[in-house]
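Chemist: Here the protein sequences come in this chain order: Y and C.
Residues in the first sequence are numbered consecutively from 4, following the working numbering.
Residues in the second sequence are numbered consecutively from 4, following the working numbering.
Worth flagging that the hints you see were computed from the coordinates, not collected in a lab.
Hints are not guaranteed to be accurate.
No distinction is drawn between identical chains; accordingly, a pair holds when it is met within one copy or between any pair of copies.
[As the list claims (entries may be wrong)] Below 25 Å or equal to it, Euclidean Cα-Cα: the simulated SDA-like pairs (lysine to any residue) are:
#1 168 / 178
#2 168 / 179
#3 31 / 104
#4 168 / 154
There are 2 protein chains.
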Amino acid sequence: MSFIDTLAAAWKRNDSLLCVGLDPDPAKFPVHLQDQPDAIFHFCTAIVDATADLACCFKPQIAYFAAHRAEDQLEALIAHIHVRYPGIPVILDAKRGDIGSTAEQYAIEAFERYRADAVTANPYMGRDSVEPYLAWKDKGVILLCRTSNPGGSDLQFLDVGNGEKLYERVARLVAGEWNGNGQCALVVGATFPAEIARVRAIVGDMPLLVPGIGAQGGDIEATVRAGSTVHSGIPGSGLMINSSRAILYAGRDERFAEAARRVAQETRDAINRHR
Amino acid sequence: MSFIDTLAAAWKRNDSLLCVGLDPDPAKFPVHLQDQPDAIFHFCTAIVDATADLACCFKPQIAYFAAHRAEDQLEALIAHIHVRYPGIPVILDAKRGDIGSTAEQYAIEAFERYRADAVTANPYMGRDSVEPYLAWKDKGVILLCRTSNPGGSDLQFLDVGNGEKLYERVARLVAGEWNGNGQCALVVGATFPAEIARVRAIVGDMPLLVPGIGAQGGDIEATVRAGSTVHSGIPGSGLMINSSRAILYAGRDERFAEAARRVAQETRDAINRHR
C-alpha cells in the first residue's frame with residue numbers, strides 16, 4: 004500500500020492527525036537510560052510503543068542519529084515500527100536535496116536501507132533533484148514549502164512575481180507539475196496559520212506535514228482550521244501535525260513513556276476538538 | 004588553521020584550483036575491488052593518494068557512503084586525508100538544511116564525527132538554519148547558490164524584485180549578512196558561466212565551489228574567466244573547481260589510480276592555462 008493510502012487509513016483508524024517526531028537527544032534521556040548500550044533505540048521504541056495507537060505517523064529525524072553514530076539504531080527502530088505497527092507509516096526526516104545522480108543514492112538510503120515510507124526533501128535544486136524519489140511510486144515525497152523557523156522568511160517569503168511568494172510558487176510547482184503520481188506532500192509550519200491556508204488553497208487535498216506546535220509555539224486550533232480538509236473521504240484530515248520534544252521529554256524519569264503517552268493523547272485530543 | 008586559510012595555502016602549494024570529488028559507486032569500481040571488504044575506503048584512499056599533490060581540496064559526497072552503510076569508511080577516509088595530507092582540507096558534501104536545533108546535530112555530524120573542515124548547506128530555510136554551522140568559527144560553510152543541474156532554474160532563477168534573481172539574493176545575503184566571520188563560500192555551477200560572473204561581482208573574493216565540469220559538461224575556460232579572482236594575495240584563485248566522476252572512473256582496471264591521476268593532472272593543467 005502506498006504511503007498516502009497507509010497514512011489515510013491511520014488517520015481513520017487511530018482518529019488522529021498527530022505525527023510523533025523522534026528527535027532523540029541522549030542528554031535529555033532519563034538517567035537510567037543514559038549509559039545503556041543502544042540507548043537511542045530503547046528510548047525511541049519505548050516512545051513508539053506508548054504512542055502508536057495515538058499517532059498517524061512517526062517521523063525520525065536522521066540528524067539526531069547521525070550525530071551519535073546511531074544509523075544501526077535508526078534501522079532497527081524503523082524495522083520495529085514496521086513489524087509491530089504495520090499500519091503506521093514512517094517518514095524519514097532528512098530534508099535531502101542534490102543533483103539527480105546523488106539523489107538516487109539518497110533515495111536508496113531512505114527507501115532501501117532504512118525502509119522509510121516517505122522522505123522529506125528540499126526543493127531549492129528543482130525538479131530533477133526530486134525525481135529520483137518520485138521514481139519510487141509507493142513512497143511519499145514531502146517537500147519543504149513554508150518552514151516553521153524564524154529564518155524561513157529570508158527566502159520563502161520573497162515575492163517572485165505578481166505578489167506570489169516563493170513558498171506559494173513551490174506549492175504550485177509541486178501540486179501542478181511534480182505530483183503526477185499523487186505521492187507528494189508539503190511541509191508548512193504551524194507558526195504561520197495564514198500561510199497554511201494559502202497553501203491549502205493552492206494544493207487541493209494534498210497532505211501537509213505541519214511542524215511547530217509544542218516547543219516551537221504554534222497554535223493548534225489555528226493550524227487545524229487553516230489546514231484540514233476532506234482527504235480519502237475523511238473529513239477534517241489532510242494533516243500530519245508534528246510534535247517531537249513536547250512528547251519525548253514530557254517525563255524525565257523511569258516513567259517517561261507514560262508521560263509521553265499522556266502528552267500525545269492530550270495533543271491528539273486537542274487537535275480533534277477543532278476538526 | 005581555518006578552512007579558508009588552509010584552502011588558500013593549498014591553492015598556492017599545489018598550484019591547483021582542482022577539488023577532487025569522492026562519489027564512490029561500487030558498481031563502477033574495478034573488478035578486483037568489488038568484493039573486497041571496505042572496498043569504498045580502499046577505492047577512495049587510492050584516488051586520494053594518487054591526486055593529493057594535484058588538488059586544493061577533497062569533497063566526499065555523503066550520499067554515496069550512506070546508501071551503502073559505509074559511514075565508518077567515510078570516517079576512516081577523512082582521517083586518512085588528515086593524517087597523510089594535513090594541508091588539504093576536506094569538504095563534507097551533505098547539503099544539509101534544517102531548523103537550528105537539528106542543524107546543531109548536523110554540525111556535530113560534520114565537524115565532530117567526520118572531522119570535516121567544511122560542509123555544504125542549503126539556504127532555503129534561512130539564516131537561523133545556517134547559524135549552528137557558523138558557530139564553528141574555523142570551519143567552512145558552503146551555501147548552495149546557483150546549482151549545476153537543469154532543475155536549478157526552477158527556483159533559483161526566479162525574479163525576486165527589481166530584476167534580482169533568487170540565486171543573486173542568496174549571494175547577497177551570504178556575503179552581506181551571514182559571513183561575519185569570513186568562513187562562507189558558495190556553490191555556483193560551471194554550466195552557467197554568466198552567473199558565476201554575476202555571483203563573483205556580488206561577493207568580492209569569497210571562494211566559490213564550482214561543480215559541473217567533466218561529466219556535467221561545463222566549460223573550464225569560461226568558468227575560470229568568470230570566477231577567478233585575487234584571494235589571499237594569490238592571483239587567479241578563489242575557486243574550487245570540482246571534478247568527480249571523470250577522475251574517479253577514468254580507468255576501470257587495476258591501474259585505475261594512475262588513470263585518475265592522469266585525468267586530475269590534465270584537469271588541473273587545463274584550469275591553470277586560463278588563470
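Chemist: Report the numbers of all earlier hints that the structure fails to satisfy, in ascending order.
Modeler: none
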